[in-house]
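These protein sequence lines map, in sequence, to chains A and B.
The first sequence runs 1 to 455 under the numbering used here.
The second sequence runs 1 to 292 under the numbering used here.
Hints were generated in silico from the structure; no laboratory data involved.
Where is the CB? At the ideal position from N, CA and C, for every residue including glycine.
There may be inaccurate statements among the hints.
[Stated by the list, open to error] Only pairs whose alpha carbons sit at most 25 Å apart, straight line, appear in this in silico SDA-like list of lysine to any residue:
1. B:K223 x A:I87
2. A:K282 x A:N366
3. A:K282 x B:T138
4. A:K264 x B:N149
5. A:K49 x B:L122
6. A:K282 x A:K436
7. A:K177 x A:K264
8. A:K342 x A:R27
9. A:K342 x A:F122
10. A:K257 x B:T138
11. A:K436 x B:T138
12. A:K282 x B:I133
[Said to hold, decoys possible] Here are the simulated distance ranges between beta carbons:
13. A:K374 x B:A79: 56 to 66 Å
14. A:G113 x B:V119: 36 to 46 Å
15. B:Y65 x A:D391: 41 to 51 Å
16. B:P19 x A:G113: 51 to 61 Å
17. B:D226 x A:F134: 53 to 63 Å
18. A:P304 x B:V48: 38 to 48 Å
19. B:S141 x A:E192: 20 to 30 Å
20. A:G286 x B:V48: 39 to 49 Å
21. B:A79 x A:Y277: 31 to 41 Å
22. B:F61 x A:K135: 40 to 50 Å
23. A:D130 x B:D226: 35 to 45 Å
24. A:P304 x B:W67: 35 to 45 Å
25. B:Y65 x A:P61: 46 to 56 Å
26. A:K455 x B:F16: 13 to 23 Å
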Amino acid sequence: MMLVLLLLTGIFCRRDSDSVGIEAGIRTEDGQFNWQACKLQEISIGLNKHPYTESLLTEIPKFEELTGIKVTYNILAEEEYFEKLIIDLSTGSSGLDLFMTGPQLSWGYIASGWIESLDHYFEDPDYLPDDYDFKDFYPSLLRANRWNNKPGKKNLGLGGLWAIPIQVETYIIAYRKDLASAKRLSPPKTYEELYGFAREIGESEKAGRFGIISRGLGTWPTINTGFITGFSSSGCTDFDENMKCRINSTEAVEFTKIWIDTIKDFGPPDWPNITWYDAKQKFSSGEYGIYPDCDFFAASYENPDKSNVVGKVGYALPPAGPDGTRKSNLWTWSLAMNSHSKKKLASWLFLLWATSKEQLLTSALNGNMNPTRKSVWESEEVRRITDNWKDYREVVNENLNHYAAIQWTPEKEFIAVGDRWAKALHEIWSGKDAQKALDKAAADIDRIISYAYRK
Amino acid sequence: MSSRKSMSNKIVPYLFILPALLLTIGILYPFLLSLLYSLTDYHLGSPVTKFIGLSNYLRLFGSTYFWKSLGLTLGFAAAAVTVQLILGLCGAMLLDTDVKGIKIARSLIILPLMMPPVVAALMWKVIMAPNGILNYLTGLSQYSWLGSNSTALISILIIDTWIYTPFVTVILLAGLRSLPAEPYEAALLDGGSAWFTFRSLTLPMIKPFLILAALFRTIDSLKAFDIIYATTKGGPGSSTMLLQVKAYFESFRHYNMGYALSHMMILWLVIFFISRFLVKNWGKAVKSAARN
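Put together the whole structure using the sequences plus the hints.
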């Protein structure tokens, strides 16, 4: 019945979804950028519970004062946020004018026509304040937000710009340097070494500390961080050039086995229910020895108000694959505009303000790491913070500049594919043969893709 | 004048049934729309929806996940209803006594019902965590009740039972309180044992209430969603992926609304036939209890 009611809501909402397009008056008569062009309008933003959101909320009154636009927002935890977003966007509702998204998620939204392309705003100098400096963004992050709506790795970075990056994360390892030093352990350089490291650093269960923690829900984020980083480093790919699923190749099965064995033998006993919020909190509380996940979690580990392990964490590049190849996946939280928004100009003003140098610097100083603008990452203020985090800055720079890129193949069924893949990891963790579980998952994923792209 | 009166006589009955008619339309419209959409390839991201006949159903019946999911759904409902009826009856019989403090117990028993199921589920998630109080009490070390394939569904059953057994208790207690005293007095005079009294008097007379409680709990258990969503989201793997959870994932995560609705139509059919069976038996039990 719930499905039906939401369906009906969608049908009724479709009626009022006509866009009013871009309004006039972005420049004053004397040619100045007019921040007050949409005074007294109200916009609504969908936000994920994330350090970026925390850093943004305290700043919103400044935007309201600058523009006269009132901002309302809706914050949800990650899984619930993604689902709510689909419900809102799919109804054609203009309820959310802007929302947080990431490139991989956007692929489904782009294919569905739910996101406004931002190219025409950026191409018109009238719509950009003189000090915006678009070229200051890392080009790789802008490329990540471009897609031409065609499946295949070669199409990533082509086509329209769909969102503006406000945070970037790559996947590294954070480990308890104090414990590693005491046991004379070096950070693992391969996934075999990761297994050994997790075994050595994890103390007995009675001491309440385990070797490794990793996110583990049966949904795509479980694949997206440490797992796909190691998967790609091991020479594996999700799809080949003909869009045939390859998560069951010999190399893929080998890597998956060692990853799951490491978690099963030395990880949390409730791994299938662990979210990234749980994992970060548990590592910060000192319960675990190593956490291969987001680099920016360092801001929490090094915050005395949120962590028991301040100054005790070391940071290292993700382990390399069997032939020495090292890759990292990349995720960049970005702000996108609802193509059905009725307040596109007001939304554009918010996008500009929220992604300006000044605001992204404030955001970084308020805990939103890592910055997406070169000037912010290189600023004295950000350096002063990150220089205190041992090897953090060096590791992030190296990972971002040499190894990090989106490791997924762009296609519109990203969520269904990722969810199915994560279910296979659960099955293996529960004792099912890895080859069989991945064969079945690959067959299901092939079906999902062929159905989605049927002619 | 007389023709106006006869006209009004004709219209008035329809006006009386109008609210019921509107209500029926309000109920049937979403249902029929769901049925219609289950015959299409309705995808949340696609601007075009095509009629595809029974393709969604054929795809469903050809999927091993569907049969596994249906089996889990039916098994969960059967176990939940059985356990809750037994515990509910025990609770009701206990509360039907005049022991000191029983009035307070009667008030306290409905506390779990006052708690939103999602809140209760989250509370139990903490209790069942590896370092939670359940492991402390049972002496298990770091066992993950909700994270293990073998105990995830049982854990959800425990939570469901904790929340809804009071509902069964309240219905059965009302039934017990309404039973006539005379047959019990006669049994007492004839020296009938407690077991004999329970088996030959209480059980037959309370049967309509038992079936009524079973009816409500069966329908609810077959639709259980909130507890699962708040604790396991259908995992680990697919071990708690009941049909309605699967439909939710298909619709609001994977955009496949038409396919998701075909799951829901099958679930509706299952609920319809089971409910029909129970309602028929309830009618018979009421008549039989009245005869006794």
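Hints the structure violates: just list their numbers, smallest first. 6, 10, 11, 16, 17, 18, 20, 22, 23, 24 and 26
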